Amino acid sequence: MLVYFNEFNVVCGKYRYLPYNSGLLRAYAETDPIIRSEYEFAPFIFEMDSVPNVLAKYSRPPDVAAFSVSMWNEQLNLAVAKEVKVRWPRCLIVFGGCHVPHYPEFYMMEHPFIDVCVKAEGEEAFREILLRRIGCPSTWDFSGLLGVTYRRGNELVSSAGERTFAKDLDKFPSPYMTGFFDGMLNDGHQWQAIIETNRGCPFDCSFCYWAQGGLALKYKFHSLDYVKAEIDWCGKHHIPYVFGADSNWGMHHRDKELSEYMVETKRRYGYPDKFRVCFGKNTDEKIFQVASIL
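For the sequence shown, the residue numbers in our numbering are 168 to 461.
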């Protein structure tokens, strides 16, 4: 079966973001030998374009189409997903990302072509969705699958409980280190990368999804070795701009070591040229030291 990932990221002049979310989903899914044997993954669709041009990238009929939804790409995702369902009614349409409502029943009623919505952290839920999809060409059952709302006939079904977040983020393989993006680097684009050293935020601000509705108030971390390997990858592959996807850079003592490593990597390779972070909300001496290093 064939999976298409749709992650339409912001275009900044000549720069494009590598499809980090899609890479994470695929990398973790492929840790399962059944998925490796039963599924094929199409090239990532990552560039904002007209709906006909996006659909032209669907070179073969999809069995699963996954959409990473943010406020800047929601309307494009909806338009593409609707047309995918018209052309290939048996394709499973999966929506995830920070712009999917935490309680998506009304959203799915508005958009009846969406088959599954995943709330919060998506790697484990998406892998289980793919496993359940095997052997179900036109109907599927995701009962008991935590963190999802799905369509069962004319009924919308939500999981009874919340999914426990991964405590050790290293269980999710890096899409950079798997080599998923290596073949994209010479296609004429200038690339930007996202690096995530932890997940969560102790501040449950209503306007922000970092704490994921209060589900992620406690931090989970990648190991220092994991993060340093990704920084090395960005340096070796001459990635000019890296976005740090942490909620409060400088809040943790290890951020000083990682900032020093980023500086060392630039001195070694000349890249990354820019490292953009979201500093800790409560400024203190640690954050000042980290900012000074950068």
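Each hint should be verified, as a subset may be incorrect.
[What the hints assert, rightly or not] Here are the simulated BS3-like cross-link-like pairs (lysine-lysine), alpha carbons at most 30 Å apart as the crow flies: (1) Lys334 x Lys249; (2) Lys453 x Lys334; (3) Lys387 x Lys334; (4) Lys441 x Lys453; (5) Lys453 x Lys423; (6) Lys395 x Lys441; (7) Lys403 x Lys433; (8) Lys441 x Lys403; (9) Lys249 x Lys338; (10) Lys395 x Lys453; (11) Lys433 x Lys387; (12) Lys385 x Lys338; (13) Lys334 x Lys224; (14) Lys403 x Lys338; (15) Lys448 x Lys385; (16) Lys395 x Lys385; (17) Lys433 x Lys395; (18) Lys453 x Lys403; (19) Lys423 x Lys385; (20) Lys181 x Lys387; (21) Lys423 x Lys433; (22) Lys433 x Lys453; (23) Lys338 x Lys395; (24) Lys224 x Lys252; (25) Lys448 x Lys433; (26) Lys387 x Lys453; (27) Lys181 x Lys224; (28) Lys338 x Lys448; (29) Lys387 x Lys338; (30) Lys224 x Lys249; (31) Lys403 x Lys181; (32) Lys423 x Lys387; (33) Lys387 x Lys448; (34) Lys334 x Lys252.
Worth flagging that the hints you see were computed from the coordinates, not collected in a lab.
Keep in mind it's a predicted model, so treat the numbers as computed, not measured.
Violated constraints from the hint list, given by number and in increasing order: 1, 9, 13, 20 and 34
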